[in-house]
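Build out the structure end to end from the sequences listed, making use of the hints.
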Amino acid sequence: MPVMNIIEAINNALHIAFETDDRVIAFGEDVGFFGGVFRATVGLQEKYGVERCFDTPISELGIMGFAMGCAQMGLKPIPEIQFADYIFPGYDQIVNEIAKGRYRTGNQWSNGMVIRTPYGGGIHGGHYHSQSIEAQFLHTPGLKVVIPSDPYEAKGLLLSCIRADDPILFMEPKRIYRASKAEVPLEDYMIPLGKAKIAKEGNDLTLIGYGAQHHQNMTAAAEAEKMGISVEVIDLRTLNPLDIETITASVKKTGRCVVAHEAPITGGFGGELTALIQQRCFLHLEAPINRCCGFDTPYSNAHEKRYLPDSPRVLISILETMKY
Amino acid sequence: MRSTERMAMKFETISYLDLEGNLPSGFKHDLSDETLIRAYKIMQLTRRIDERMITLQRQGVVNFVIGSRGEEGCSVASAMALKPDDLLYFQYREQGAILWRGLSAEEYSHHMLLNEKDPSKGRQMSNHYGSKKHSAMTVSSTLATQIPQAAGAAYAMKIQKKDMVSLCYFAEGAASEGDFHAGLNFAAVYKCPVIFFCRNNHYAISTPRKFQYAGDGIAPRGVAYGMQTFRVDGNDIFAVYDITKKAREICMRGEGPVLIEAMTYRVGPHSTADDPTRYRKDEEVCDWDPKCPVLRLKLHLIKKGLWNDEKDKAFKDAMHQEVEAAIESARNTPKPSLETMFQDVYADIPWNLQEQYEFLQALEKEKN
Ligand SMILES: Cc1ncc(C[n+]2csc(CCOP(=O)(O)OP(=O)(O)O)c2C)c(N)n1
Ligand SMILES: [Mg+2]
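Protein chains in written order, with the working numbering: chain A, 1 to 324; chain B, 325 to 692.
I should point out that these hints are in silico values taken from the structure, not numbers from a laboratory. Hints should not be assumed to be uniformly reliable.
Claimed, not checked - DSSO-like, lysine-lysine: derived pairs with alpha carbons at most 30 Å apart:
| id | chain 1 | residue 1 | chain 2 | residue 2 |
| --- | --- | --- | --- | --- |
| 1 | A | K226 | A | K181 |
| 2 | B | K365 | B | K615 |
| 3 | B | K605 | A | K47 |
| 4 | B | K457 | B | K515 |
| 5 | B | K615 | B | K659 |
| 6 | A | K226 | B | K689 |
| 7 | A | K200 | A | K323 |
| 8 | B | K441 | B | K689 |
| 9 | B | K689 | B | K622 |
| 10 | A | K200 | A | K181 |
| 11 | A | K305 | B | K441 |
| 12 | B | K615 | B | K637 |
| 13 | B | K605 | B | K407 |
| 14 | B | K334 | B | K515 |
| 15 | A | K305 | B | K689 |
| 16 | B | K615 | B | K605 |
| 17 | B | K569 | B | K457 |
| 18 | A | K305 | B | K456 |
| 19 | B | K365 | B | K441 |
| 20 | B | K615 | B | K640 |
| 21 | B | K691 | A | K200 |
| 22 | A | K226 | B | K691 |
| 23 | B | K691 | A | K323 |
| 24 | B | K441 | B | K457 |
| 25 | B | K352 | B | K605 |
| 26 | B | K627 | B | K407 |
| 27 | A | K252 | A | K226 |
| 28 | A | K47 | B | K486 |
| 29 | B | K486 | B | K570 |
| 30 | B | K622 | B | K365 |
| 31 | B | K482 | B | K456 |
| 32 | A | K323 | B | K689 |
| 33 | B | K691 | A | K305 |
| 34 | A | K305 | B | K659 |
| 35 | A | K305 | A | K252 |
| 36 | B | K407 | B | K640 |
Laid out in structure tokens, this is it:
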């Protein structure tokens, strides 16, 4: 089985999607001829033609509205937003139009599409190439949110997203685009949406994360293991719809839980997870649910290393929760 | 053809200085010899700083650079035509303008190295300069957001009856954003004294301008929004200066805004994160060598007897030394303190940020 990084796996998934479904089109800034600034769409224009994979003018609201029109005519658009931080000029189209299209039209139209965008910190990108924007979109009924954590996951999840009939925000962890490598089958395969993955089993504490953060969580769990703490690590994969069953089963078993994400703690997805878990697992909890997240500041370039909830910080949260 | 069927609107490009450095006979301008020499020096300084920063980026000292090679004429000559207090809004490839305003190589280096003397306190990426004392708004990466802001600032200048305009830089790619259209429309409706200065440099990262627009560039849009519009040769400092100065006069007469489309070429890569050999041919870039704005001004100065090789060498030696000293000073200046991470989010620090700061402080202490 070939070893791929996340970019290669995504590119491979896109080629399969283009090959197996001629309704699929991809577009965005620098996406066509160049193949994307991160090279995710390389070869698509060459192989499938400029009608199906093309460069757009620089307008995120244009990209999103255009995608919606294409979807309404039965195409399956995969628009790319070059950096998640730049999705906001297209926010209105996504939140008010694309996400609510099915509901608003009484299910006459559905806007199935996959909005691909690299997100997250760790690349010295300052405010505008580092943010984790999932919370803004999780508050949007009608839009699914999927975040893969490695190449195998990325390919299988992306293919599922493309074949689903809903608008989906597919957030790609750009910090580990090339660093994360895994064996990835060349064949077509899909990983079901709405299913979390237990990446490591454990009995003392449940550690929940997604995307690039998941790797920090795995490292922290390995450290905790050395100290005799058995951590169960969950990679959510799909944030909406959430796999609440896997989460509750795990927390009921361990009685302790830490949630970690890069995005600022206040109003972050960790708050939602915490509320859901305490409601469903209250009598099983032996400690308050802990959150290990980004700080409530804009993303500071000079202090990037300290901003991110890296594995030492996750470990501190684990220890705090164990000691409670 | 009836006017309702009109498809094309063509704009001529205003240009005075030819490739050998000659101005048309009888051409008059009000630039003194000293100003012309200073323009040349600032353009060379801009180029040198860009080159050094790109090298430092490769060495891991600077994290990111957007060079302005080939476009120094646009930034320097437009700034020359303004008053020192006129408010500048940047895209990111206009460092020549802030250097013209008097920002020193050392101050620029402090920003590029994101140390504690960076006015933005190391919070943004490098190449996101800005300085209130130079009346130059700090760069934001999000394209085109500065365009409606410049209109708003100009509106405020107008109702405050200030002898002031704003000048907003952006490029042909950013002009596709909704903010561009909103900004021009607002400015025109309220007759705001703002000069919209578009650098049409052919590329937006890898995307050639034919995928940015199907009409004749950006200029016709100014007319459509109801403002006076000019297209100039952006590599001719006399044309850029002359038209920007006219634009300022139009604004001060209450007839603004004005759109200027400066035709130029991005000679270097988009940024240090880009490799243009993947999407354009070297020959295309070489075609622009003789059109270089710095070279053309130099030829002009030599023809006027204001400059020669000897002076050039002496100037460059001294200027290079100044830049090296600036970089050295920036390298020896500490990084911003931990505290700065939590300051300036709001006017005051709320309890949650205070708690987070204390947590991080304790963590840092433990580490050391
Ligand atoms: C809203 C937004 N979308 C996308 C980007 C990514 N991006 C940065 S620069 C750039 C190209 C800009 O081209 P142009 O406006 O022509 O300026 P030039 O680089 O040529 O000076 C793009 C797409 C961004 N910074 N902001
Ligand atoms: Mg451009």
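Evaluation of the provided hints:
1. A:K226 with A:K181: holds (25 Å)
2. B:K365 with B:K615: Holds - the C-alpha atoms of B:K615 and B:K365 are around 18 Å apart, at most 30 Å.
3. B:K605 with A:K47: Measuring from Cα to Cα gives roughly 22 Å; hence the hint holds.
4. B:K457 with B:K515: holds (27 Å)
5. B:K615 with B:K659: violated (40 Å)
6. A:K226 with B:K689: holds (24 Å)
7. A:K200 with A:K323: Between A:K200 and A:K323 the Cα gap is close to 22 Å, so the pair holds against 30 Å.
8. B:K441 with B:K689: Distance ~24 Å between B:K441 and B:K689 Cα, so the pair holds.
9. B:K689 with B:K622: violated (56 Å)
10. A:K200 with A:K181: OK: A:K200 and A:K181 at ~18 Å, within 30 Å.
11. A:K305 with B:K441: OK: A:K305 and B:K441 at ~20 Å, within 30 Å.
12. B:K615 with B:K637: The given pair, whose Cα atoms are some 22 Å apart, holds under the 30 Å limit.
13. B:K605 with B:K407: violated (40 Å)
14. B:K334 with B:K515: Within the cut-off at roughly 24 Å; holds.
15. A:K305 with B:K689: holds (15 Å)
16. B:K615 with B:K605: holds (17 Å)
17. B:K569 with B:K457: holds (22 Å)
18. A:K305 with B:K456: Given pair A:K305, B:K456 holds - Cα atoms ~29 Å apart, limit 30 Å.
19. B:K365 with B:K441: At roughly 25 Å apart (the allowed maximum being 30 Å), B:K441 and B:K365 satisfy the hint.
20. B:K615 with B:K640: Within the cut-off at roughly 21 Å; holds.
21. B:K691 with A:K200: Holds, at roughly 29 Å.
22. A:K226 with B:K691: holds (20 Å)
23. B:K691 with A:K323: holds (21 Å)
24. B:K441 with B:K457: Holds, because 14 Å separates the two Cα atoms, which is no more than 30 Å.
25. B:K352 with B:K605: Status violated; Cα separation ~39 Å.
26. B:K627 with B:K407: holds (29 Å)
27. A:K252 with A:K226: Holds. A:K252 to A:K226 sits at ~23 Å (cutoff 30 Å).
28. A:K47 with B:K486: violated (58 Å)
29. B:K486 with B:K570: holds (18 Å)
30. B:K622 with B:K365: Answer holds: B:K622 to B:K365 is near 10 Å, not above 30 Å.
31. B:K482 with B:K456: holds (20 Å)
32. A:K323 with B:K689: holds (21 Å)
33. B:K691 with A:K305: holds (13 Å)
34. A:K305 with B:K659: Holds, because 13 Å separates the two Cα atoms, which is no more than 30 Å.
35. A:K305 with A:K252: violated (34 Å)
36. B:K407 with B:K640: holds (28 Å)
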